[in-house]
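Visitor: Each chain, written out:
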Amino acid sequence: MGIATRIFSYLDRRYRLREPLEYQLNKRIPAHLNWTNCFGGVTFVCFFVQAFTGILLAFYYKPALPEAYTSVLYIMEEVPFGTFVRGLHAWTANAMILMATLHMLKVFFISAYRPPREFTWVSGVTLFFVTVFFGFSGYLLPMNQLSYWATTVGTEIAGAFPVVGTYIQLFLLGGGKISGETLTRFYALHVLVLPATIIILLAAHFSMIRRQGISEPL
Amino acid sequence: MAEPSPPTPAVEQHAEPRLSRRAFLTYLLGFAGALGLAGLLAPIVRYAYPVAKAQVSPKQKVGEKSALTPGGDALYFDYEEAPAALILLTDGTPKSFYLACTHFGCITKWQVPEHIFYCPCHGGAFGPDGTVQAGPPPKPLVELKVVVEGDTLYVEGTV
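Chains A and B, in that order, are what the protein sequence lines are. Here our numbering is used: the first residue of the first sequence is 1, the next is one more, and so on. Here our numbering is used: the first residue of the second sequence is 1001, the next is one more, and so on.
Just so you know, the hints here were simulated from the structure itself, not pulled from any lab data. Predicted, not measured: the structure shown is a model, and the values here were computed from it. C-beta: ideal position from N, C-alpha, C; glycine also. It is possible that part of the hints are untrue.
Derived pair list, reagent style BS3-like, types lysine-lysine, alpha-carbon separation capped at 30 Å [unchecked claim]:
(1) B/Lys-1139 to A/Lys-62
(2) B/Lys-1061 to A/Lys-62
(3) B/Lys-1145 to B/Lys-1059
(4) B/Lys-1139 to B/Lys-1065
(5) A/Lys-27 to A/Lys-106
(6) B/Lys-1109 to B/Lys-1065
(7) B/Lys-1109 to A/Lys-177
(8) A/Lys-62 to A/Lys-177
(9) B/Lys-1139 to B/Lys-1061
Label-pair restraints from in silico Cβ distances [said to hold, decoys possible]:
(10) B/Arg-1022 to A/Phe-119: 24 to 34 Å
(11) A/Leu-11 to B/Val-1045: 44 to 54 Å
(12) B/Ala-1082 to A/Gln-145: 36 to 46 Å
(13) B/Pro-1120 to A/Thr-70: 24 to 34 Å
(14) B/Ala-1134 to A/Val-132: 23 to 33 Å
(15) B/Ser-1057 to A/Gln-145: 25 to 35 Å
(16) B/Gly-1105 to A/Val-153: 47 to 57 Å
(17) A/Gln-212 to B/Pro-1050: 28 to 38 Å
(18) B/Thr-1093 to A/Val-132: 52 to 62 Å
(19) B/Val-1148 to A/Tyr-74: 30 to 40 Å
(20) B/Pro-1140 to A/Gln-145: 22 to 32 Å
(21) B/Pro-1050 to A/Gln-145: 24 to 34 Å
(22) A/Leu-11 to B/Val-1051: 38 to 48 Å
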């Protein structure tokens, strides 16, 4: 008996894992599926890559005003494989948005959002917004010219919202204009608030899909 | 009557191999997988491993103390590829600073009559001890450690 089997049977005797695990792992997939059903899964893989490379970047990144830019420079110039890790994070961020968009289009055009899957769709659209907000908040963190002006444009768009716009802008910026306050806010959103939100939403999204199965074609 | 069994041909009598074909291929696959995983993990371990930075600041000779007048002209030089200067205070104490203004990095110049390091870009001024005297600079000048050996002046790292 192999070591893996022995560890498994040890845990199985205590927690009765075999039955729920077999139920999850031996799920039958409908025959009508093709590669366009993979967009959602690929988006999840992107999220996994982002979480991992993001943690690695946080080893060296410093969310403070003079250090933000210099620490990114340090990652790019001094840290071995720093360009690789940051490049992977930046490119996968783009891929994640792209894949989420394709996933959304697929679900939309095959009308998979219709009852009883309304809430899977609602959670999915919320996930898309969270992903976009991930991208928006991450864009400021290197604190270069591109970051500065992209955040200026983004927060001014938020500021154009009727009635509450000015306050949304004030809360996002943490003041009248982009400063160290904005940076720490965006960092907190990017590494604490949004990851927690996306994990909860993903759990809801996946358990609804598991419970209801993949939608049948029309 | 029991028929004598025909003698088995010697050719078919090879022993069961110690490692079956299936097990061998499984090990091979596992090895290939481990190799791939190691290839993926090695850069990550290398990335997370602290960067060994040479923290030694070279000791650089600047000049002779006797060649300078207390409160007079500064001695300009480059330390670690950045412009710096050394002055003697009126009591004769040597002081050395990087000349980059802490505001936007313009190069300041020692002004003998005013006794300040003056920045031409935005009018920043630093006293002989490096502290901000006027203008927009947020921080004092970066001071260099001066080592005196006899009459020779050296700088060695920042204070």
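Visitor: All the hints need checking, so say for each whether the structure fits it.
Guide: Evaluated hints:
1. Restraint check for B/Lys-1139 and A/Lys-62: the C-alpha separation of about 20 Å stays at or below 30 Å, so the hint holds.
2. At most 30 Å may separate the alpha-carbon atoms for a hinted pair to count; B/Lys-1061 and A/Lys-62 exceed this at roughly 36 Å.
3. Simply put, B/Lys-1145 and B/Lys-1059 have alpha-carbon atoms about 10 Å apart, close enough for the 30 Å limit, and the pair holds.
4. A threshold of 30 Å between alpha carbons decides the hint, and for B/Lys-1139 with B/Lys-1065 the separation of about 28 Å falls inside it, so the pair holds.
5. The straight-line distance between the Cα atoms of A/Lys-27 and A/Lys-106 is roughly 22 Å, inside the 30 Å bound, and the hint therefore holds.
6. Taking the CA atoms of B/Lys-1109 and B/Lys-1065, the gap is about 20 Å. The hint holds against a cut of 30 Å.
7. Pair hint B/Lys-1109 plus A/Lys-177 does not hold up; C-alpha atoms about 34 Å apart against a cutoff of 30 Å.
8. Distance restraint check for A/Lys-62 and A/Lys-177: the Cα-Cα separation of roughly 20 Å lies within the 30 Å cut-off, and the hinted pair is therefore satisfied.
9. Distance restraint check for B/Lys-1139 and B/Lys-1061: the Cα-Cα separation of roughly 27 Å lies within the 30 Å cut-off, and the hinted pair is therefore satisfied.
10. Roughly 47 Å separates the CB atoms of B/Arg-1022 and A/Phe-119, a value that falls outside the hinted 24 to 34 Å.
11. For the pair A/Leu-11 and B/Val-1045, the supplied restraint of 44 to 54 Å is violated, since their beta-carbon distance comes to about 29 Å.
12. A hinted range of 36 to 46 Å for the beta carbons of B/Ala-1082 and A/Gln-145 is inconsistent with their spacing of about 24 Å.
13. Distance hint check: the CB atoms of B/Pro-1120 and A/Thr-70 are about 25 Å apart, consistent with the given range 24 to 34 Å.
14. A hinted range of 23 to 33 Å for the beta carbons of B/Ala-1134 and A/Val-132 is inconsistent with their spacing of about 47 Å.
15. Checked against the hint of 25 to 35 Å, the pair B/Ser-1057 and A/Gln-145 passes, with Cβ atoms roughly 33 Å apart.
16. Hint check: B/Gly-1105 to A/Val-153, Cβ distance near 28 Å, so the stated range 47 to 57 Å is violated.
17. In this structure the hint that A/Gln-212 and B/Pro-1050 lie 28 to 38 Å apart at CB is violated, the actual value being about 49 Å.
18. For B/Thr-1093 paired with A/Val-132, a C-beta distance near 59 Å keeps the hint of 52 to 62 Å intact.
19. The supplied range of 30 to 40 Å is met by B/Val-1148 and A/Tyr-74, whose beta-carbon atoms lie about 35 Å from each other.
20. Between B/Pro-1140 and A/Gln-145 the beta carbon distance is about 28 Å. The supplied range of 22 to 32 Å therefore holds.
21. About 31 Å separates the C-beta atoms of B/Pro-1050 and A/Gln-145, a value consistent with the hinted range of 24 to 34 Å.
22. Range check, A/Leu-11 to B/Val-1051: Cβ separation about 40 Å, and the 38 to 48 Å hint holds.
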